[in-house]
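Chemist: Each chain is listed here by its residues.
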Amino acid sequence: ELKVEQNPLFLSMQEGKNYTIYCNYSTTSDRLYWYRQDPGKSLESLFVLLSNGAVKQEGRLMASLDTKARLSTLHITAAVHDLSATYFCAVLDTGNQFYFGTGTSLTVIP
Amino acid sequence: ETGVTQTPRHLVMGMTNKKSLKCEQHLGHNAMYWYKQSAKKPLELMFVYNFKEQTENNSVPSRFSPECPNSSHLFLHLHTLQPEDSALYLCASSRGPGQPQHFGDGTRLSIL
Chain A
1 ELKVEQNPLF LSMQEGKNYT IYCNYSTTSD RLYWYRQDPG KSLESLFVLL
51 SNGAVKQEGR LMASLDTKAR LSTLHITAAV HDLSATYFCA VLDTGNQFYF
101 GTGTSLTVIP
Chain B
1 ETGVTQTPRH LVMGMTNKKS LKCEQHLGHN AMYWYKQSAK KPLELMFVYN
51 FKEQTENNSV PSRFSPECPN SSHLFLHLHT LQPEDSALYL CASSRGPGQP
101 QHFGDGTRLS IL
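Heads up: the protein sequence lines correspond to chains A and B, in order. Residue numbers 1 to 110, in my numbering, belong to the letters of the first sequence in order. Residue numbers 1 to 112, in my numbering, belong to the letters of the second sequence in order.
Among these hints, one or two may not hold up.
Unchecked claim - Chain A side only, calculated, beta carbon under 8 angstroms to chain B, not exhaustive:
#1 10
#2 13
#3 31
#4 36
#5 42
#6 46
#7 92
#8 96
#9 97
#10 100
#11 101
#12 102
Claimed, not checked - Below, a list of computed lysine-lysine pairs in the BS3-like style, where the Cα atoms sit at most 30 angstroms apart:
#13 B:40 with A:3
#14 A:41 with B:41
#15 A:3 with A:41
#16 B:18 with A:17
#17 B:22 with B:40
#18 B:41 with A:56
#19 A:68 with B:41
#20 B:40 with B:19
#21 B:41 with A:3
#22 B:41 with B:19
#23 B:52 with A:17
#24 B:22 with B:41
#25 B:52 with B:18
#26 B:19 with A:41
#27 B:52 with B:22
#28 B:41 with A:17
#29 B:40 with A:68
#30 A:17 with B:40
#31 A:56 with B:40
#32 A:3 with B:18
#33 A:41 with B:40
#34 B:18 with B:41
#35 B:18 with A:41
Everything labelled a hint here was simulated from the structure, so no lab data went into it. Note that beta-carbon positions come from the ideal geometry of N, C-alpha and C, so glycine has one too.
Given only the sequences and the hints, what does the whole structure look like? Please build it.
Modeler: Printed below as a string of structure tokens:
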């Protein structure tokens, strides 16, 4: 079974600061997803990374994928309060099954 | 409007009750999923349906029984649940297996 680990699990950061969330996975995959979940809400798709070296950016968030290292990062630039949420990575295995990380709960402090 | 609608949003039931969770998607997708989200644990995939056929059952206890009458509707029938089954149950859909998934807001289930 594919294992997906995220760290940190909890992140409290000040507005304007930069930080990176890490997602490691245990077996070969070349498709990785990042989701955002607000309290009481559904998961919202942020990025789909489809190949080694893929980089996607949307606003203050940038995601990258290194399939050789089995690592994806979600970088936050100049955080703002609206980014407070829980962020999940999900990895697709060769059987088209998704495996989710435990999530990173991000709180941005004014 | 997420395109994936789940009802009810909240459900409290006793261990001997029978209830059903409903999921409906308006996105024209062919695959639908049930996930369980418990505190401090990763989302757990429970069931996958593709073109109304069940393709995955991840060792889910038989007290959870899925039903997919068509590509737009998915049910999760519940009976004689245990307290550890209390969780948020999320439904998702996608164009096909491995495609980006769209999630509903979930049903918060509490077992007394």
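Chemist: With reference to the structure, classify each hint as holding or not holding.
Modeler: Going down the list of hints, with the structure as the test:
1. 10: violated (10 angstroms)
2. 13: violated (21 angstroms)
3. 31: holds (7 angstroms)
4. 36: violated (11 angstroms)
5. 42: Hint holds; residue 42 of chain A Cβ to chain B Cβ min 4 angstroms, cut 8 angstroms.
6. 46: violated (10 angstroms)
7. 92: Hint holds; residue 92 of chain A Cβ to chain B Cβ min 5 angstroms, cut 8 angstroms.
8. 96: holds (4 angstroms)
9. 97: This hint holds: residue 97 of chain A lies near chain B, its Cβ roughly 6 angstroms from the closest one there, short of 8 angstroms.
10. 100: holds (4 angstroms)
11. 101: holds (6 angstroms)
12. 102: Nearest chain B Cβ about 5 angstroms off; hint holds.
13. B:40 with A:3: This hinted pair holds, its Cα atoms lying about 15 angstroms apart.
14. A:41 with B:41: holds (17 angstroms)
15. A:3 with A:41: holds (25 angstroms)
16. B:18 with A:17: This hinted pair is violated, its Cα atoms lying about 49 angstroms apart.
17. B:22 with B:40: At roughly 25 angstroms apart (the allowed maximum being 30 angstroms), residue 40 of chain B and residue 22 of chain B satisfy the hint.
18. B:41 with A:56: Roughly 27 angstroms separates the two Cα atoms, so the pair holds.
19. A:68 with B:41: holds (26 angstroms)
20. B:40 with B:19: Judged against 30 angstroms, a Cα distance of about 26 angstroms means the pair holds.
21. B:41 with A:3: holds (12 angstroms)
22. B:41 with B:19: holds (25 angstroms)
23. B:52 with A:17: violated (47 angstroms)
24. B:22 with B:41: Holds - the C-alpha atoms of residue 41 of chain B and residue 22 of chain B are around 23 angstroms apart, at most 30 angstroms.
25. B:52 with B:18: holds (23 angstroms)
26. B:19 with A:41: Distance of about 22 angstroms is within 30 angstroms: holds.
27. B:52 with B:22: holds (15 angstroms)
28. B:41 with A:17: Given pair residue 41 of chain B, residue 17 of chain A holds - Cα atoms ~28 angstroms apart, limit 30 angstroms.
29. B:40 with A:68: holds (28 angstroms)
30. A:17 with B:40: Satisfied, since the Cα-Cα distance of roughly 26 angstroms is no more than 30 angstroms.
31. A:56 with B:40: holds (28 angstroms)
32. A:3 with B:18: The hint is violated at about 34 angstroms.
33. A:41 with B:40: With Cα atoms ~17 angstroms apart, residue 41 of chain A and residue 40 of chain B stay inside 30 angstroms; holds.
34. B:18 with B:41: holds (26 angstroms)
35. B:18 with A:41: holds (26 angstroms)
The earlier numbered hints that this structure contradicts are 1, 2, 4, 6, 16, 23, 32.
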